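In order, the protein sequences belong to chains A and B.
Each number in the numbering used here corresponds to the 1-based position in the first sequence with 3 added.
Each number in the numbering used here corresponds to the 1-based position in the second sequence with 6 added.
Because the hints were derived from the structure by calculation, they are not lab data.
For clarity, every value in this text was computed on a predicted model and none was experimentally measured.
Honestly, I wouldn't trust all of these hints.
To be verified - The following residues of chain A were derived to be distant from chain B, with all beta-carbon distances above 10 Å:
#1 131
#2 297
#3 348
As the list claims (entries may be wrong) - Partial list, computed: chain A residues near chain B (C-beta under 8 Å):
#4 196
#5 217
#6 218
#7 220
#8 256
#9 260
#10 262
#11 396
#12 416
#13 419
#14 420
We treat Cβ as the ideally placed atom computed from N, Cα and C, and that holds for glycine.
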Amino acid sequence: MFYWLRCSNSPDSTVDRPQRDMPKPGDRSGGAGGPDGGWGWVLVAAMFISTSLVFGLMRSLGIFFVEFVHVFDESAQAISWISSIGLAAQQFFSPLGAALCNAYNTRLVVMVGGLLSGLGLILASQATCLVHLYLTMGVISGFGWALVFTPMVATVMANFTRWRALALGLGFSSIGLSSFAFNPLFQLLVETYAWRGALLILGALSLNIVACGALIRPECQPKARAKEDSGSGSPSRSNVLQRAASHLELPLLCERPYLTYTLAVTLFNFGYFVPYFHLVAHSRQAGFSEYQAAFVMSAAGATDILGRVASGWFSDLGHFRLVHLLTLWTVSAGAFIMLLPVSSLSGSYAALVAISLLYGFGSGALTSLVFAVVPMIMGVERVMGGLGLLQLIESSAGLLGTPLSGWLRDVTGNYVASFLVAGSFLLLGSLTLATLPHYCSCTDPPPPPPPQRRSSQGSHQDPFPPTRTTERRDGRRGEVQAAGRQREF
Amino acid sequence: MKLLWALAALLLSSWRADATTGPTIITEPTEVSNQTSSILSCNLTDSSLPIKGSYWTHNGKHIEESESDASSPYTIYRLDKITYHSGGLYECVFKTEPPVKETIEVKTLPHVGAYKHSEHGNEMDKGVLTCVAHGHPLPTDWVWFKEEDGTHKGIFNGTGDRYEIKSTPNKTILSINDLSIEKDIGNYICTGTNELGASSDKIYLRVRSRLAALWPFLGIVAEVIILVTIIFIYEKRRKPDEVIDDDDSGSAPLKSNSTTNHKDKNVRQRNSN
């Protein structure tokens, strides 16, 4: 009776049991890439909560920084390093988190990640100097967040095929919503319990990620292809290195589609964060009041949330290829970023708000698609390692992009150049996307097969299996078949 | 002889210059002290210079409504209600070449207010209470009291080693080191005194216990543990159901009851890690 809660990923579940009278929802895809529904939505809820506790928390730490400046007598810049270290650790350790999931149990890794992120905050509540905060809130919590984010996203991706982008959009919408909710909540906590008590309580809240991780049932985990349990028993160094490399999915770096896509996303990251940091200051400089500037930012945030969900839903309707939609949203986001200074310099507040709303929608829309396209490039089974590497590489752009825009502002005296450059980076990234193989075709090509299939694992080497037309939809999710067959072994 | 004439001419011109550069303004009243309303007036005498108009300033800031183009040497400014906002230095300025002005000082009682009427402090940490003053003239003397059993106990820099008072004319800060819940909770009164009188305000200090946050923390940890337990128990209990329900499932149970491979059903069974 609880069949619908099952996360059965058997690829032959429909083919071999046609006599089953109650078809499971989401069986259309044959479960190879993900059964779409049932427990999958529970995982989306888990991703919602864990992502909000990772990024929503990270974004709202500013409330504590005011207290830290007071208590530790340090400059605001030294304090802001805390969240920079946290973010950098989260992105830097992403491949490691992905590799650990490939090697071991995703559920275990996410639970440990939740424990670490909670532990970091709990230890931070006892800090006596700034370096303690760097180590606890920065490194330990950052490492914990790395073990949570990538695996959760990969798990959700592995559990959906038809509604993948919508699931991701719903999951990511938590970031915007929780930033809204956490700011007043943290303020209240700091007032009632002082910053130490508030950090302690936040640490406990972060432990809820452990519960989210517990929801990842073993059968729902993204299964990379079974790694070799090498016949040669002794773990020699080259063996270990080879295993590590395959867990990290390093061979992906040699594949042109993946490299192209990573380059495109890196270019996106150069420009993506610029408005978040500079829009308020730019609005103030253009002559609008504090409240007007803050409202512009909130409006952009609201349409961001809307954009994530809407674009996820729309792209899953299947009218267009995900890559084409992604290009559309990145081009529009880039164009609107470039229009932002124009609208504010013209002195019209309405124009600024309108362009910001459109920009917010575009940037939210592209966020959910950026991740949804990943399995198309490399196949669902390598998505874990691929995501990890992608996060690592794109983090460099995030770290460089904002100082670059700040420098441009210092040199030119206003934000026009920063916004123009940011928008052009997004447009450049869209152009790079267009160089992906099979970009112009109307249907998705199957992903390239992973290298080095071990012959002992079976004879299914064919990456282009015959189409199971009963469940396929115009071959749009054709690549999932290839991944599915390979996952059998 | 010529020298005498030159000297006389010099004296005459300087006398004439004196006459033209020495207009006097008579102010009425010269000073306003502790009154509820007043009319400030300036009368420009001994001046033959053309007067293009006049205006008043308050503490250096030009008062728009007092701007006048009348060439009268007499100008007034009404203060209908004198509060601590209206105290300060008022100047009447006549637009002549060069402009001439005179100052009237308006003194009021100081207005003392606390930054926050309810302050929080942490046990064994430092607590800071701040009062600011507005008005003219600013208080010259600040005193802090603690309300204890209905009486006001004075706090000075020497009272115990935990108290520290830093005062400037417009602000006073009382710092209490090593806060304790029994001794330091309560009302604190700051009083500022100037030549006209004194004014005070009250601040309530709350001391948070170090362990106050521990209870919510333990509560949330307990909730997480319960949730995780429920999730695992539910999953374990589901497994026997599932195996009975349909035994050809492709899912990999954690603890497999049926270790057979179901090869006859042509179903792949995934290895669980």
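Hints versus structure:
no., hint, verdict
1, 131, "12 Å, holds"
2, 297, "23 Å, holds"
3, 348, "32 Å, holds"
4, 196, "4 Å, holds"
5, 217, "4 Å, holds"
6, 218, "6 Å, holds"
7, 220, "6 Å, holds"
8, 256, "26 Å, violated"
9, 260, "28 Å, violated"
10, 262, "30 Å, violated"
11, 396, "28 Å, violated"
12, 416, "31 Å, violated"
13, 419, "36 Å, violated"
14, 420, "39 Å, violated"
In summary, the numbered hints that this structure violates are 8, 9, 10, 11, 12, 13, 14.
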